[in-house]
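**Student:** Kindly generate the complete structure, drawing on both the sequences and the hints.
Protein chains: 2
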Amino acid sequence: MNFLEERILKDGVVKEGNVLKVDSFLNHQMDVELFDKMGEEYAKRFAGKKITKILTIEASGIGIAAIVALHFHVPVVFAKKTQSINLDGEMYTAEVESFTHKNVNTIIVSKKFLGPDDHVLIIDDFLANGCALQGLIQIVKQAGAEVAGIGIAIEKGFQSGGRIIRNLGYQLESLAIVEEMDAATKTVRFREQ
Amino acid sequence: MNFLEERILKDGVVKEGNVLKVDSFLNHQMDVELFDKMGEEYAKRFAGKKITKILTIEASGIGIAAIVALHFHVPVVFAKKTQSINLDGEMYTAEVESFTHKNVNTIIVSKKFLGPDDHVLIIDDFLANGCALQGLIQIVKQAGAEVAGIGIAIEKGFQSGGRIIRNLGYQLESLAIVEEMDAATKTVRFREQ
Numbered sequence: 004m005n006f007l008e009e010r011i012l013k014d015g016v017v018k019e020g021n022v023l024k025v026d027s028f029l030n031h032q033m034d035v036e037l038f039d040k041m042g043e044e045y046a047k048r049f050a051g052k053k054i055t056k057i058l059t060i061e062a063s064g065i066g067i068a069a070i071v072a073l074h075f076h077v078p079v080v081f082a083k084k085t086q087s088i089n090l091d092g093e094m095y096t097a098e099v100e101s102f103t104h105k106n107v108n109t110i111i112v113s114k115k116f117l118g119p120d121d122h123v124l125i126i127d128d129f130l131a132n133g134c135a136l137q138g139l140i141q142i143v144k145q146a147g148a149e150v151a152g153i154g155i156a157i158e159k160g161f162q163s164g165g166r167i168i169r170n171l172g173y174q175l176e177s178l179a180i181v182e183e184m185d186a187a188t189k190t191v192r193f194r195e196q
Numbered sequence: 004m005n006f007l008e009e010r011i012l013k014d015g016v017v018k019e020g021n022v023l024k025v026d027s028f029l030n031h032q033m034d035v036e037l038f039d040k041m042g043e044e045y046a047k048r049f050a051g052k053k054i055t056k057i058l059t060i061e062a063s064g065i066g067i068a069a070i071v072a073l074h075f076h077v078p079v080v081f082a083k084k085t086q087s088i089n090l091d092g093e094m095y096t097a098e099v100e101s102f103t104h105k106n107v108n109t110i111i112v113s114k115k116f117l118g119p120d121d122h123v124l125i126i127d128d129f130l131a132n133g134c135a136l137q138g139l140i141q142i143v144k145q146a147g148a149e150v151a152g153i154g155i156a157i158e159k160g161f162q163s164g165g166r167i168i169r170n171l172g173y174q175l176e177s178l179a180i181v182e183e184m185d186a187a188t189k190t191v192r193f194r195e196q
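Chains as they are written, first to last, in this note's numbering: chain A, 4 to 196; chain B, 4 to 196.
The set of hints was computed from the structure by calculation and includes no laboratory data.
Just so you know, even glycine gets a beta-carbon here, dropped at the ideal spot from N, CA and C.
Be aware that a few hints might be false.
[Said to hold, decoys possible] Footprint (simulated), chain A over chain B, 3 or more residues, beta carbon under 8 Å:
| id | region |
| --- | --- |
| 1 | 21-35 |
| 2 | 57-66 |
| 3 | 185-195 |
[Unchecked claim] For the chain B half of the interface with chain A, some residues (derived, Cβ under 7 Å), not all of them:
| id | residue |
| --- | --- |
| 4 | Ala69 |
| 5 | Ala72 |
| 6 | Leu73 |
| 7 | Pro78 |
| 8 | Val79 |
| 9 | Val80 |
**Tutor:** Below, the structure is given as structure tokens:
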């Protein structure tokens, strides 16, 4: 069991409806030393890959991506969820359905910050059905850039997102893959990696 | 002139309506090595202060706050702008007007992550009229915690936010204070610090 799986067992809370609350260390309060360890681990898993940029999506991906980027010495670009008046110029856009918020967002990335020469590591906190991730991949493709890899903190292995992405041939590295969880018994079982 | 002021002159873009675009390094694409220098600088400016937690607000404060937190060895809590179904339990809340988006958001922080024993360093990317900052201060007060200090990347010194906060007695450290800027001549003048 790795450091993230141990932390999930210690501080994660299993709720009804396959909700895993990790807001005490991952996506509301953030344990930055944990993120630093995650950066170290991704650096190992993507060693030898050419990476020029990290792409993530607001809001909860940003903290992880920023600290992970210190290990790769590249800038982070985060996709924004709404049009801002301060974001002029041309945009890459994709539609993303949110399971959490039960709505559809347009995500946008300025064309200034992703181009055909980029080799992109996509970082996000959660992977479930994969909608956010598919939107980010779509944006990388619009830029003519390469998806060099995908680093996820927690994957819900019982949902289809991870399988689809792996079937498409991407190197997807999830630090913890939840195989099943049970709100009644408060248990979480991880996939062996 | 410090490293952030130099970077603003090099890569910032002055637009009509007192808009300073720093999206190439601060709030869309993020230069994490720059954030690391900012963390170093805040560590100097707040040396000797007891700090147990960093508080910021989504989305563009998160990357800076996460990397700054590595220099203080404390967790980050970020205030969220909308109610999420994954955020149950009791919340601290405040109303914040957004100049950029021309709307009013409720910002929320779970009561689990801020309490009377906390000494809070507030971090954000921009300070203009101070609405976001006042909302964060209000949340710290609701928690019965202490505002140990406030670290801002770029303050618009010609708007009232900074003056009000300093008049209230807070230690507010802005790494760059824009005294005036001119879209016609593309110039920025900083306050001497």
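**Student:** Confirm or reject each hint.
**Tutor:** Quick rundown of the hints versus the structure:
1. 21-35: holds (count 10)
2. 57-66: holds (count 4)
3. 185-195: violated (count 0)
4. Ala69: holds, 4 Å
5. Ala72: Status holds, d = 4 Å.
6. Leu73: With a closest approach of 5 Å, the leucine 73 (chain B) hint holds.
7. Pro78: Since chain A brings a Cβ to about 5 Å from proline 78 (chain B), closer than 7 Å, the hint holds.
8. Val79: holds, 4 Å
9. Val80: holds, 5 Å
Violation of the numbered hints given earlier is confined to hint 3; every other hint is satisfied by the structure.
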